[in-house]
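8 protein chains.
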Amino acid sequence: LRQGMSEVIFCEGKTKDQVLKIFERMIERGEVNIIGTRASREQYEYLREHLKDDVIYYDTGRIICAKRVEIIKNPKGHVAVVSAGTADLKVAEEAAIVLEILGNNVKRMYDVGVAGIHRLFAHLDEIQSANAVVAVAGMEGALASVVAGLVSKPVIAVPTSIGYGANFKGLSALLTMLNSCANGVCVVNIDNGFGAAVVAHMINSLANQNL
Amino acid sequence: LRQGMSEVIFCEGKTKDQVLKIFERMIERGEVNIIGTRASREQYEYLREHLKDDVIYYDTGRIICAKRVEIIKNPKGHVAVVSAGTADLKVAEEAAIVLEILGNNVKRMYDVGVAGIHRLFAHLDEIQSANAVVAVAGMEGALASVVAGLVSKPVIAVPTSIGYGANFKGLSALLTMLNSCANGVCVVNIDNGFGAAVVAHMINSLANQNL
Amino acid sequence: LRQGMSEVIFCEGKTKDQVLKIFERMIERGEVNIIGTRASREQYEYLREHLKDDVIYYDTGRIICAKRVEIIKNPKGHVAVVSAGTADLKVAEEAAIVLEILGNNVKRMYDVGVAGIHRLFAHLDEIQSANAVVAVAGMEGALASVVAGLVSKPVIAVPTSIGYGANFKGLSALLTMLNSCANGVCVVNIDNGFGAAVVAHMINSLANQNL
Amino acid sequence: LRQGMSEVIFCEGKTKDQVLKIFERMIERGEVNIIGTRASREQYEYLREHLKDDVIYYDTGRIICAKRVEIIKNPKGHVAVVSAGTADLKVAEEAAIVLEILGNNVKRMYDVGVAGIHRLFAHLDEIQSANAVVAVAGMEGALASVVAGLVSKPVIAVPTSIGYGANFKGLSALLTMLNSCANGVCVVNIDNGFGAAVVAHMINSLANQNL
Amino acid sequence: LRQGMSEVIFCEGKTKDQVLKIFERMIERGEVNIIGTRASREQYEYLREHLKDDVIYYDTGRIICAKRVEIIKNPKGHVAVVSAGTADLKVAEEAAIVLEILGNNVKRMYDVGVAGIHRLFAHLDEIQSANAVVAVAGMEGALASVVAGLVSKPVIAVPTSIGYGANFKGLSALLTMLNSCANGVCVVNIDNGFGAAVVAHMINSLANQNL
Amino acid sequence: LRQGMSEVIFCEGKTKDQVLKIFERMIERGEVNIIGTRASREQYEYLREHLKDDVIYYDTGRIICAKRVEIIKNPKGHVAVVSAGTADLKVAEEAAIVLEILGNNVKRMYDVGVAGIHRLFAHLDEIQSANAVVAVAGMEGALASVVAGLVSKPVIAVPTSIGYGANFKGLSALLTMLNSCANGVCVVNIDNGFGAAVVAHMINSLANQNL
Amino acid sequence: LRQGMSEVIFCEGKTKDQVLKIFERMIERGEVNIIGTRASREQYEYLREHLKDDVIYYDTGRIICAKRVEIIKNPKGHVAVVSAGTADLKVAEEAAIVLEILGNNVKRMYDVGVAGIHRLFAHLDEIQSANAVVAVAGMEGALASVVAGLVSKPVIAVPTSIGYGANFKGLSALLTMLNSCANGVCVVNIDNGFGAAVVAHMINSLANQNL
Amino acid sequence: LRQGMSEVIFCEGKTKDQVLKIFERMIERGEVNIIGTRASREQYEYLREHLKDDVIYYDTGRIICAKRVEIIKNPKGHVAVVSAGTADLKVAEEAAIVLEILGNNVKRMYDVGVAGIHRLFAHLDEIQSANAVVAVAGMEGALASVVAGLVSKPVIAVPTSIGYGANFKGLSALLTMLNSCANGVCVVNIDNGFGAAVVAHMINSLANQNL
Ligand SMILES: Nc1ncnc2c1ncn2[C@@H]1O[C@H](COP(=O)(O)O)[C@@H](O)[C@H]1O
Ligand SMILES: Nc1ncnc2c1ncn2[C@@H]1O[C@H](COP(=O)(O)O)[C@@H](O)[C@H]1O
Ligand SMILES: Nc1ncnc2c1ncn2[C@@H]1O[C@H](COP(=O)(O)O)[C@@H](O)[C@H]1O
Ligand SMILES: Nc1ncnc2c1ncn2[C@@H]1O[C@H](COP(=O)(O)O)[C@@H](O)[C@H]1O
Ligand SMILES: [Mg+2]
Ligand SMILES: [Mg+2]
Ligand SMILES: [Mg+2]
Ligand SMILES: [Mg+2]
Ligand SMILES: [Mg+2]
Ligand SMILES: [Mg+2]
Ligand SMILES: [Mg+2]
Ligand SMILES: [Mg+2]
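Protein chains in written order, with the working numbering: chain R, 130 to 340; chain X, 130 to 340; chain L, 130 to 340; chain C, 130 to 340; chain W, 130 to 340; chain A, 130 to 340; chain B, 130 to 340; chain U, 130 to 340.
Keep in mind that the hints were calculated from the coordinates and are not lab data. Careful: at least some of the hints might be erroneous.
[As the list claims (entries may be wrong)] Computed list of lysine-lysine pairs in DSSO-like fashion (alpha-carbon distance at most 27 Å, straight line):
| id | chain 1 | residue 1 | chain 2 | residue 2 |
| --- | --- | --- | --- | --- |
| 1 | X | Lys298 | A | Lys298 |
| 2 | U | Lys219 | U | Lys150 |
| 3 | X | Lys219 | L | Lys150 |
| 4 | R | Lys196 | R | Lys236 |
| 5 | A | Lys298 | C | Lys219 |
| 6 | W | Lys196 | W | Lys143 |
| 7 | A | Lys298 | L | Lys298 |
| 8 | A | Lys143 | U | Lys150 |
| 9 | X | Lys236 | L | Lys143 |
| 10 | L | Lys143 | X | Lys298 |
| 11 | B | Lys150 | W | Lys236 |
| 12 | A | Lys298 | A | Lys202 |
| 13 | A | Lys145 | A | Lys196 |
| 14 | X | Lys219 | X | Lys236 |
| 15 | R | Lys143 | R | Lys219 |
| 16 | X | Lys219 | B | Lys298 |
| 17 | A | Lys150 | U | Lys219 |
| 18 | W | Lys298 | R | Lys298 |
| 19 | A | Lys143 | A | Lys196 |
| 20 | L | Lys298 | R | Lys298 |
| 21 | L | Lys298 | W | Lys143 |
| 22 | W | Lys219 | B | Lys145 |
[Claimed, not checked] Among the chain C residues that face chain L by a calculated CB cut under 8 Å, a handful are:
| id | residue |
| --- | --- |
| 23 | Met268 |
| 24 | Glu269 |
| 25 | Ala277 |
| 26 | Gly292 |
| 27 | Ala311 |
[To be verified] Residues of chain X placed beyond 12 Å of chain B at every Cβ, according to the derived structure:
| id | residue |
| --- | --- |
| 28 | Glu157 |
| 29 | Arg170 |
| 30 | His179 |
| 31 | Asp182 |
| 32 | Thr189 |
| 33 | Ile200 |
| 34 | Asn234 |
| 35 | Val235 |
| 36 | Arg237 |
Even for Gly, the Cβ is constructed at its ideal location relative to N, Cα and C.
Same shape as in the complex, but just chain R (with noise of 0.2 Å):
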């Protein structure tokens, strides 16, 4: 009955206090590579100084990594993250930070959002060979369509809650998304980056699983 990967924390709401002590109570039972997503600098620097043990944080993508240990668990092939605008990074940092926590290969493309569509066809390559894409987009979000049109492995839309007026905190990209007429698009929540990194990480392990 257990979910294949160890739990990760979802730190936001929670206080400096109730962060540590899930982390001290991972430590203790041998965990490594431990994670919080939705961190705040804050309370990083406050595991910093209480924990005995190393500690990480990914600013952009918000993520606090415990107990870092370098493993590359799937070598063959990379995950594709593709995000429209800067004001997606926070979340495509998010998964992509995952991902390699993970012990995935991932390619970066930011800012490739499809009213500037020749920035996108210029990565066309790492795209097209990636075992997934996670797209991540706010706004319209019209770039999961565009990409899954390109592609034949599944994409991972994420939409995200950048945008404003009938944006209405991220449904418009949310609606797109699901509605996308391409083949092989799945969604999560919005702004759920992890989510993503999570179903591109599982898709990557059974394309790693024969070697």
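Assemble chains X, L, C, W, A, B and U with the ligands onto chain R, guided by the hints.
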């Protein structure tokens, strides 16, 4: 206090007789190129029987035109009407036919949805040389953004109600288009091919005015 | 610029003749296993009459297949299709049939909704050994989370429009699945069994690729 | 025309002084076990200073109780309060504390969300032997359905606003619970632990009445 | 792992034959008082023809009952079913009939909507003496709050889809009931008379258990 | 082309200086009883300092009045302002104060929510003898229907944003009031005590006109 | 505890026989001018056959009136009923007919929508001299604001469900009217011409009372 | 593949340093009239300090412009910017300033909301002679329809988030504008003065092209 073009009859929800009465009144006033939109074949056949004058029916666009007179009001350049899928045809044709009756050159590019973006690129010249583009798309509605990224003229985006589930009868495409990250996009109501045609016609008229 | 699998025909809303035309064109191109989804029995019977070639109709899944050729593209392992209630059958079968035509082994587990969770546990082995799970559920859609908590492979969740009142035509199940607290869930549009099948097929293909 | 239990003070949005006034008036009337919900620590401290009488503060449940008198109104059996994640604690504790003050035995089972369903099964006996179950869950809110499938007593479901994105401040869990396919589920407002406690207390009182 | 009452058949959307099959299977298992909800007269007539056993049809409540056996499981006290307008009758009767088949005494008070509140007061005794109240109301759904203010037992509120315009198919009454400022209200899905009956039956059973 | 009463200043979102300017301009024009709504204490204090003239601040109603002159425009009868809970006070007072400044007799009946309906009945005479009733209520907003059922004069219903969860910032009360099954209810925007006061004032003026 | 006017029968959704029964009962009680709204021609014809008494049917307004007696309750002044488009006629006529039956003088001004504002100005006198205005409009519903800006009497706004796409069955016009920036607007439910008529009648009665 | 005007920097949500970097990069590229929208005074002051070049700040429109060069790209005619209330000023100025920087003549007509329609008529000439009209309005957003009814040139409607309650942050005005019954209206996102300016600039450029 006049709007600058003759009244257009929205036939949906009107009885055959109500529609006939309005056409007769306008013919009496001496108007030509009288347009009825959202017209059924039944309404058309009733008119053909009862009007002494010639009436034309445009099937896909569901448009009736009485006293059809070929005029080219705007000889210079054209309006491009692009649409994403075959299901969007009705709305695209509503726009194209209205544009032609109002005296514009129209270039149609249908089935150029973003999931197969090479089809769109095959028409790049005709799109980029237009004075205005009407972009019709349902489902995720991403077409408007991609097109607007490729041209420097106004793009009038028409979301359609094509789709199911989280499409919510066109809401998805509507929000996508309102949130477009590309410059030069403006939006009309869901399925409102007629409305888009009027705006595009006004723009094309301005582009022709100083000849 | 190709998507890696032949086009699939969405038959809903198309006339019998339009559907026939598309099938004929694809047969001429020499394609096999040509799929039409959301097809009515009427559309099927029209095709059977007019096509020289054999056509098969899958009733519950509402799928037409022409030029059916049995291929096992992915011999290793299977995709599990689980569904919550008898009412979700249509969507689950759409997914299962498409998966089989594309060359995957499929294990069906229907009527395993969370209100009687022992029925789900009776199938634990078949679910946990799958390369990917398609989880189909309407009403509250809780099935996806429970299943994802039990397996370490990707779960593609399909909300259905089954239900009434505050179900809002599938919105309830859709939101449930997007908010899943279990790892490894991604979501497709309401009632989109076909879309889930394509994603699951892509994943299963990756899992079979290095054999 | 009385509701059968003394008024409870909803402290949120009231000034410290307004809260004090209401407590004083009720104490004067000779009431005991006077409850204030959604109370801040500041409001509590102000009361402790100004009231001659003892006041208790329950931190997690954000409840103030003045004139606390231990009574067991319902000696037979208990109410189970189950909750999905640590983030739902506040609401679960609001329910549990109110139930205890009203004179019920309460068994708490927290962190038994459906993504790790074995944790729920570990408490099966305590849940099945309860006279009523309060089920508190945010995000996808699937807990209520699973629990209701396991017991034959009423389940009062409390959606919480825990989550982000397509959670829409608890709407997701609310719809899930209203659409439960399991028998015996009824629902209260988002985050309304207090309301659930009152219904559960009324049910437990009926279960104790003929002793 | 059983829910404590036999399965109830939701007939809507099932073919006559499917419904017949399920009834036959349950009769074979020796069950009595087998209930089908949301049943059409056609489904009923088909069953009457094909089942060797007696079947009853409750018109307004749209309920089929096979193997009807009069039992009084809960002799002490009654459940009150109150409803606002004649249009809510169907849902109220669904609740009342299910309650009676399950063995409860039921007192019906229909057409006691809040716009003519004196009609409600005329029944005060029967409402206040009930072990539980099922309150059925569409449009603004205010009945549940007024009733809950008058009794000290649980009120199970059933919003109905009766209304038009800003009623949004029952959403209005649903929100009203979820926001009730009166103590002791819990809510089931729009039009879910059956669901309310099950909760009320469970409560009434607890109130009868120690006799 | 005039609206028949002097402009009222909506102070929210305006700087202290902007508000001052508008008051000064209106004073110069010789107006009296100049009203500012949604005014903060800060805005008031700034006006008191800088205006040569007297200014009054109504705290709960958040109203500034400059050049206050007591006039009774409508001597015959009164307007009743009823409200459900203490939390609705702000909005009720906005209505009451504006009504008084405009020259109406006002009778206030606060805290007469439907959960304790006897409190409402205690004021039956004052409500039934009013020329118009302003009914202010948040949460489920049932008050308007109950009141309208008791009187034969117009009831202007004001939904308030008081509540949480499925209240959706007043949407719940708004829908309730729009769906009122009682005759004679009309509705203004959420929290718009001012708007209700203007309508009630116009009605009361008509009731006084033939004296 | 009476509402001051006899009950009105909402015929939609009632069988011909149910409607007949209610009319018979009211005729027996000696009532006159008995009104049925949302009545179909079929219901009317059934009544004409079975009632000994005269019944009248108002086609566009879908109103049945039995025991029609011409009374002028309010001789002084009139109520103006203005509507935006021909499609809003049904609702406008529902209001106008009910107003006339209740004894008011009515002036109808139809097809005065804001897109051709000169048509509205042509009726300025009749609008400004009314005791109350009922403003009926679908689509964008702007009429109410423009009218309210021109008069100093109450404007009862009736949004209609006329429109398509982002009109969302009247939601668009409803929100427009609730947000009116003009003084003196109050709103009733979508398509609720009857409700507006009752409020306008009450106001006109007050304006006539002191004669 | 270029959009025909230089990139514009959306400053909201960017750090002072990020904004500075982008401005520096564009200055290096030799661009002039570099625009930053949604810019705070803080961002401006930081730029003024660190850039060697002159920078201008437009307060109300929240726009930064570096390397400001006066050019009149479109000498013939003007664009009219009309707005409803003082609260809509920010958005109207965003449109007006952007239009001026891009080289258009702009005529501003602010505070011409429909509740006082005579103020709008006072400017009829300037509106009717424009090549395009940008119509900015919050609350009920009726201005766009009234204006479009008076002119024969395109009206670009900008809903604003001004309002409260059922305004739902601009949704009300957005729906109004999308449903406009007047010809020639197209819509941009809520508060998107910039987007409207770009469309209006493109139209005005076309109107100037053949000189
Ligand atoms: N950024 C994230 N978004 C969504 N879910 C997450 C995220 N980070 C962690 N989780 C999930 O949340 C669970 C932990 O929640 P908690 O018990 O509140 O720490 C983990 O099991 C993860 O599956
Ligand atoms: N009217 C009803 N409303 C909601 N749920 C129902 C209703 N009638 C039956 N059910 C539930 O639906 C389940 C049967 O669904 P099905 O398997 O589709 O017949 C039963 O276990 C009942 O709990
Ligand atoms: N509390 C309020 N709610 C709604 N509208 C108001 C309110 N107070 C004033 N108004 C209206 O807002 C207009 C003034 O808006 P402004 O020009 O922004 O001061 C006045 O004409 C009033 O009709
Ligand atoms: N006020 C605005 N509203 C909407 N879009 C804008 C606005 N200002 C700039 N943009 C667009 O946003 C893009 C820049 O976004 P960014 O890369 O985040 O700076 C530009 O290409 C503009 O088209
Ligand atoms: Mg693809
Ligand atoms: Mg462009
Ligand atoms: Mg899993
Ligand atoms: Mg159960
Ligand atoms: Mg009670
Ligand atoms: Mg009344
Ligand atoms: Mg007025
Ligand atoms: Mg116009």
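Taking the hints in turn, this is what the structure says about them:
1. A C-alpha spacing of about 26 Å is found between X/Lys298 and A/Lys298, which places the hinted pair at or below 27 Å, so the restraint holds.
2. Taking the CA atoms of U/Lys219 and U/Lys150, the gap is near 26 Å; set against the 27 Å cutoff, the hint holds.
3. A C-alpha spacing of about 19 Å is found between X/Lys219 and L/Lys150, which places the hinted pair at or below 27 Å, so the restraint holds.
4. A hinted pair counts as satisfied when its Cα atoms are at most 27 Å apart, and R/Lys196 with R/Lys236 qualifies at roughly 24 Å.
5. Distance restraint check for A/Lys298 and C/Lys219: the Cα-Cα separation of roughly 22 Å lies within the 27 Å cut-off, and the hinted pair is therefore satisfied.
6. Under the criterion of a C-alpha separation no larger than 27 Å, the hint pairing W/Lys196 with W/Lys143 is consistent with the structure, at around 21 Å.
7. For the proposed pair A/Lys298 and L/Lys298, the alpha carbon gap of about 24 Å is at most 27 Å, so the pair holds.
8. Straight-line distance between C-alpha atoms of A/Lys143 and U/Lys150 comes to about 34 Å, which puts the hinted pair past the 27 Å bound.
9. Between the alpha carbons of X/Lys236 and L/Lys143 the distance comes to roughly 25 Å, so the proposed pair stays at or under 27 Å and holds.
10. Only pairs whose Cα atoms come within 27 Å are accepted, and L/Lys143 paired with X/Lys298 is accepted, the gap being roughly 18 Å.
11. The straight-line distance between the Cα atoms of B/Lys150 and W/Lys236 is roughly 25 Å, inside the 27 Å bound, and the hint therefore holds.
12. Straight-line distance between C-alpha atoms of A/Lys298 and A/Lys202 comes to about 35 Å, which puts the hinted pair past the 27 Å bound.
13. Only pairs whose Cα atoms come within 27 Å are accepted, and A/Lys145 paired with A/Lys196 is accepted, the gap being roughly 18 Å.
14. Restraint check for X/Lys219 and X/Lys236: satisfied, since their Cα atoms lie roughly 16 Å apart, inside the 27 Å limit.
15. A C-alpha spacing of about 20 Å is found between R/Lys143 and R/Lys219, which places the hinted pair at or below 27 Å, so the restraint holds.
16. The straight-line distance between the Cα atoms of X/Lys219 and B/Lys298 is roughly 22 Å, inside the 27 Å bound, and the hint therefore holds.
17. Proximity of A/Lys150 to U/Lys219 is assessed by CA-CA distance (about 19 Å); at most 27 Å being required, the pair is judged to hold.
18. Distance restraint check for W/Lys298 and R/Lys298: the Cα-Cα separation of roughly 26 Å lies within the 27 Å cut-off, and the hinted pair is therefore satisfied.
19. With a C-alpha separation of about 21 Å, the suggested pairing of A/Lys143 with A/Lys196 holds against the 27 Å cut-off.
20. Only pairs whose Cα atoms come within 27 Å are accepted, and L/Lys298 paired with R/Lys298 is accepted, the gap being roughly 22 Å.
21. Taking the CA atoms of L/Lys298 and W/Lys143, the gap is about 18 Å. The hint holds against a cut of 27 Å.
22. For the hint linking W/Lys219 to B/Lys145, the alpha-carbon distance of about 17 Å falls within 27 Å, and the restraint holds.
23. The restraint placing C/Met268 at the interface with chain L holds, with a minimum CB-CB distance near 4 Å, inside the 8 Å limit.
24. Residue-level restraint check for C/Glu269 holds (minimum Cβ-Cβ distance to chain L is 4 Å; threshold 8 Å).
25. The restraint placing C/Ala277 at the interface with chain L holds, with a minimum CB-CB distance near 7 Å, inside the 8 Å limit.
26. Satisfaction of the interface hint for C/Gly292 is found here, the shortest Cβ-Cβ separation to chain L being roughly 5 Å, below the 8 Å cut-off.
27. Hint on C/Ala311 holds. Least Cβ distance to chain L is approximately 4 Å, under the 8 Å limit.
28. Listed as a non-interface residue, X/Glu157 keeps its Cβ farther than 12 Å from every Cβ of chain B; the least gap is roughly 19 Å.
29. Separation of X/Arg170 from chain B is adequate, the least Cβ-Cβ distance of about 20 Å exceeding the 12 Å criterion.
30. Here X/His179 stays apart from chain B, with its beta-carbon at least about 20 Å from theirs, past the 12 Å limit.
31. Every CB of chain B is more than 12 Å from the CB of X/Asp182 (nearest about 23 Å), matching its label as outside the interface.
32. With a closest Cβ-Cβ approach of about 18 Å to chain B, X/Thr189 is found to remain outside the 12 Å limit, as its non-interface label requires.
33. With a closest Cβ-Cβ approach of about 25 Å to chain B, X/Ile200 is found to remain outside the 12 Å limit, as its non-interface label requires.
34. The claim that X/Asn234 is not at the interface with chain B holds, since no C-beta of that chain comes within 12 Å of its own (minimum 28 Å).
35. Non-interface call for X/Val235 relative to chain B: holds, since the shortest CB-CB distance, roughly 23 Å, exceeds 12 Å.
36. Consistency note on X/Arg237: stated as away from chain B, and its beta-carbon is indeed over 12 Å from all of that chain's, at 22 Å minimum.
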